[in-house]
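With chain A held as given, fit chain B with the ligands onto it using these hints.
As given, the protein sequences belong to chains A and B, one line each in that order.
Each residue of the first sequence is one higher than the one before, counting from 1 in the numbering used here.
Each residue of the second sequence is one higher than the one before, counting from 1 in the numbering used here.
Just to be clear, a hint being listed does not mean it is correct.
[What the hints assert, rightly or not] Here are the simulated DSS-like cross-link-like pairs (lysine-lysine), alpha carbons at most 30 Å apart as the crow flies: (1) B:Lys298 / B:Lys244; (2) B:Lys235 / A:Lys162; (3) B:Lys351 / B:Lys200; (4) B:Lys161 / A:Lys162; (5) B:Lys298 / A:Lys24; (6) B:Lys235 / A:Lys159; (7) B:Lys90 / B:Lys71; (8) B:Lys80 / B:Lys23; (9) A:Lys162 / B:Lys90; (10) B:Lys91 / A:Lys24; (11) B:Lys53 / B:Lys244; (12) A:Lys159 / B:Lys161; (13) B:Lys193 / A:Lys162; (14) A:Lys194 / B:Lys351.
[As the list claims (entries may be wrong)] The following label-pair restraints were derived from C-beta to C-beta distances: (15) B:Asn18 / A:Ser190: 51 to 57 Å; (16) A:Lys97 / B:Asp97: 36 to 42 Å; (17) B:His63 / A:Phe57: 54 to 60 Å; (18) B:Glu16 / A:Lys10: 49 to 55 Å; (19) A:Lys194 / B:Glu236: 47 to 53 Å.
Read the hints as simulated data drawn from the structure, not as lab findings.
All C-beta atoms in this analysis are idealised placements derived from N, C-alpha and C, irrespective of residue type, glycine included.
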Amino acid sequence: MKYLSRKHEKLVESLRKLPGIGRKTALRLAFYLLKESKDEVFELAQAIREAKEGVKFCSICGNITEEDICEVCNDSSRDRTTLCVVEEPMDLYSLEKADFYKGVYHVLGGALSPLDGIGPEHLRIDKLIERVKKGEIQEVIVATNPDTEGEATALYISKILKPCNVRITRIATGIPMGSNIDYADGITLSKSFKSRGEM
Amino acid sequence: MYIEEIVLENFRNYNEKNLTFDKAGSFLCGMNGCGKTNLLESIYILVYGKSFKTINPEELVMHSKEFFRIKGFFNGTHKKKIEFRFSHGKKKILINDVEITNMKELIGNVALILLSLNDINLITGEPAMRRRFLDSLLSLLFPDYLSDLLDYRRVLRQRNKVLYLRKIGRRDDISGIDGWTDELVQIGSRIIKRRLSIMKDLNECASFYYTLFSPQKDRLSVEYALSFQLNESIKEGFYESINKRREEELEKGMTLTGPHRDELSITINELPIRKYASEGEQRTCAISLKIAQASFLKSKRNDSPILLIDEAVAELDKVRTEKVLNSVTTIGQCFVATTNCEMLNTMTTLKTIDI
Ligand SMILES: Nc1ncnc2c1ncn2[C@@H]1O[C@H](COP(=O)(O)OP(=O)(O)O)[C@@H](O)[C@H]1O
Ligand SMILES: [Mg+2]
Ligand SMILES: [Zn+2]
Numbered sequence: 001m002k003y004l005s006r007k008h009e010k011l012v013e014s015l016r017k018l019p020g021i022g023r024k025t026a027l028r029l030a031f032y033l034l035k036e037s038k039d040e041v042f043e044l045a046q047a048i049r050e051a052k053e054g055v056k057f058c059s060i061c062g063n064i065t066e067e068d069i070c071e072v073c074n075d076s077s078r079d080r081t082t083l084c085v086v087e088e089p090m091d092l093y094s095l096e097k098a099d100f101y102k103g104v105y106h107v108l109g110g111a112l113s114p115l116d117g118i119g120p121e122h123l124r125i126d127k128l129i130e131r132v133k134k135g136e137i138q139e140v141i142v143a144t145n146p147d148t149e150g151e152a153t154a155l156y157i158s159k160i161l162k163p164c165n166v167r168i169t170r171i172a173t174g175i176p177m178g179s180n181i182d183y184a185d186g187i188t189l190s191k192s193f194k195s196r197g198e199m
Numbered sequence: 001m002y003i004e005e006i007v008l009e010n011f012r013n014y015n016e017k018n019l020t021f022d023k024a025g026s027f028l029c030g031m032n033g034c035g036k037t038n039l040l041e042s043i044y045i046l047v048y049g050k051s052f053k054t055i056n057p058e059e060l061v062m063h064s065k066e067f068f069r070i071k072g073f074f075n076g077t078h079k080k081k082i083e084f085r086f087s088h089g090k091k092k093i094l095i096n097d098v099e100i101t102n103m104k105e106l107i108g109n110v111a112l113i114l115l116s117l118n119d120i121n122l123i124t125g126e127p128a129m130r131r132r133f134l135d136s137l138l139s140l141l142f143p144d145y146l147s148d149l150l151d152y153r154r155v156l157r158q159r160n161k162v163l164y165l166r167k168i169g170r171r172d173d174i175s176g177i178d179g180w181t182d183e184l185v186q187i188g189s190r191i192i193k194r195r196l197s198i199m200k201d202l203n204e205c206a207s208f209y210y211t212l213f214s215p216q217k218d219r220l221s222v223e224y225a226l227s228f229q230l231n232e233s234i235k236e237g238f239y240e241s242i243n244k245r246r247e248e249e250l251e252k253g254m255t256l257t258g259p260h261r262d263e264l265s266i267t268i269n270e271l272p273i274r275k276y277a278s279e280g281e282q283r284t285c286a287i288s289l290k291i292a293q294a295s296f297l298k299s300k301r302n303d304s305p306i307l308l309i310d311e312a313v314a315e316l317d318k319v320r321t322e323k324v325l326n327s328v329t330t331i332g333q334c335f336v337a338t339t340n341c342e343m344l345n346t347m348t349t350l351k352t353i354d355i
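Excised from the complex, chain A in its bound form (with noise of 0.2 Å):
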């Protein structure tokens, strides 16, 4: 016997390829689903399905939406002076709950990890070079995880955007080194936004 069944297994490696499951938890996950009712596995799946097909990324920053733009840029009131480079929409969303910051955003998708196969390249740099260039944008903030991808990222940001002759600034670490933006509070958010220094 290979496996107990084709089609269990099939669930299984599709859950595998998920970030941060492996194959334990995948078969954790796979007998949970098979267990649970029709009504609640059918629901998880359509919702997967309907997210899938009406959710987008920003064609501007890259954040999540329903529409082409999202509604960050589609806001008239924000300052497109100012522009916050972050790794995830999960980082700019935590900002946005913190609400004090009222400038534009641009989501890189990402850090860089050679170790994980993930250059330049692989993240929307070339975009933000592209809207720096416009020459609206005045101070850059970086806004990259305080950890050694995301300083490194932040380094890389620095330099290249450098030319462009805007005021590069990266967030303070009041931060705890280590920890995520987006399990960061609202105060300590916003402290390390007062906080931030010229690269």
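Frame of chain A, contents of chain B with the ligands only:
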């Protein structure tokens, strides 16, 4: 800090063992194979969360048992109970009955130095041995040094990966490397600065002990040897060297400059010890370095370290042995393991425990 009591369960050859110790330490006597090193190992594990003999905790479980447990009661600047459990492939460390989630919570609670016959590798071994000597000392002195060190290793691996992929032709550029270079230089310079900051005191301390132990009053000198030329600042020198050696880096597929390539240069009467010194001199030097490390820790941490001395003096003559024992017992709690009880017994006032 010092250890007052240890409780062993299924650890190596100890089925159940409960021992109490003097503040000054103990003299551990017994024939070969009776479990002296095992006892020292158990104390070491409580302090560092790992053994000095193996990376596989399964080996530490008494044959045909399922688990082992070590409990230690420490006292000194404050009281602390540390427990290490291992069962079913999982280890668990508790400080004052609370499980820790990160090894950083354990390291630094107690300062401990192990002296053994292997210490000669500090002199004759690879440069990595000497870097580790410095790093372990600095990690016990400055908690942020350890996190810089871990970050540095990570950044180094990332940067090396970029160079390596280019070398084997999996990529045809090294874009993104500037970010890694900047971070490497930033963290690396902090590490070098910290290492340099203790060199003067460490050198004085080590050469004091060496002269004390050596009958001819030879002069030992320990200096930091950078892998690059110092420029206006550490940072600038580091940058300059890394830029200059880019071609070579691409050829080899790795980072060739930085604290991971630095070294300690050790000389006796200005001659490199690796090449010219006798084995006895090399052993004496290794012991001087280790004792200097302990004495340095004591003065900078305002806390006495624990010294585990596993036959380390076995190869020394009587005069040196006596001087070494006199020195270590003034620094902190000492555990001296030996098969040569008659000779050593006359030299110290430590209470003897027969194992
Ligand atoms: N996991 C284990 N279970 C039982 N006995 C062990 C285990 N590991 C080592 N030993 C025993 O411990 C003894 C070695 O003890 P050790 O502390 O090295 O002796 P010494 O007093 O010479 O330093 C050996 O007899 C060995 O068989
Ligand atoms: Mg032994
Ligand atoms: Zn947008």
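Cross-check of the supplied hints:
Our distance criterion of 30 Å between C-alpha atoms is broken by Lys298 of chain B and Lys244 of chain B, whose separation comes to about 42 Å. For the hint pairing Lys235 of chain B with Lys162 of chain A, the CA-to-CA distance comes to about 20 Å; that is within 30 Å, so the pair holds. A hinted pair counts as satisfied when its Cα atoms are at most 30 Å apart, and Lys351 of chain B with Lys200 of chain B does not qualify at roughly 36 Å. For the given pair, Lys161 of chain B sits about 26 Å from Lys162 of chain A by alpha-carbon distance, which is consistent with the 30 Å threshold.
Between Lys298 of chain B and Lys24 of chain A, the direct Cα distance comes to roughly 47 Å. Violation of the 30 Å bound is thereby established for this hinted pair. Restraint check for Lys235 of chain B and Lys159 of chain A: the C-alpha separation of about 17 Å stays at or below 30 Å, so the hint holds. For the proposed pair Lys90 of chain B and Lys71 of chain B, the alpha carbon gap of about 17 Å is at most 30 Å, so the pair holds. A threshold of 30 Å between alpha carbons decides the hint, and for Lys80 of chain B with Lys23 of chain B the separation of about 15 Å falls inside it, so the pair holds.
For the proposed pair Lys162 of chain A and Lys90 of chain B, the alpha carbon gap of about 50 Å is over 30 Å, so the pair is violated. With a CA separation close to 20 Å, the supplied pair Lys91 of chain B and Lys24 of chain A stays within the 30 Å bound. Distance check on the hinted pair: Lys53 of chain B and Lys244 of chain B sit about 41 Å apart at the alpha-carbon level, beyond 30 Å; violated. Proximity of Lys159 of chain A to Lys161 of chain B is assessed by CA-CA distance (about 20 Å); at most 30 Å being required, the pair is judged to hold.
Distance hint between Lys193 of chain B and Lys162 of chain A is fulfilled; the C-alpha atoms sit about 28 Å from each other, no more than 30 Å. Between Lys194 of chain A and Lys351 of chain B the alpha-carbon distance is near 61 Å, which puts this suggested pair outside the 30 Å criterion. With their beta carbons about 55 Å apart, Asn18 of chain B and Ser190 of chain A fall inside the hinted range of 51 to 57 Å. At roughly 38 Å, the beta-carbon separation of Lys97 of chain A and Asp97 of chain B lies within the given 36 to 42 Å, and the hint holds.
Our hint of 54 to 60 Å for His63 of chain B and Phe57 of chain A holds, since their Cβ atoms are close to 59 Å apart. Checked against the hint of 49 to 55 Å, the pair Glu16 of chain B and Lys10 of chain A passes, with Cβ atoms roughly 52 Å apart. Here the CB-CB span from Lys194 of chain A to Glu236 of chain B is close to 31 Å, at odds with the stated 47 to 53 Å.
In the structure shown, a violation is registered for the earlier hints numbered 1, 3, 5, 9, 11, 14, 19, in ascending order.
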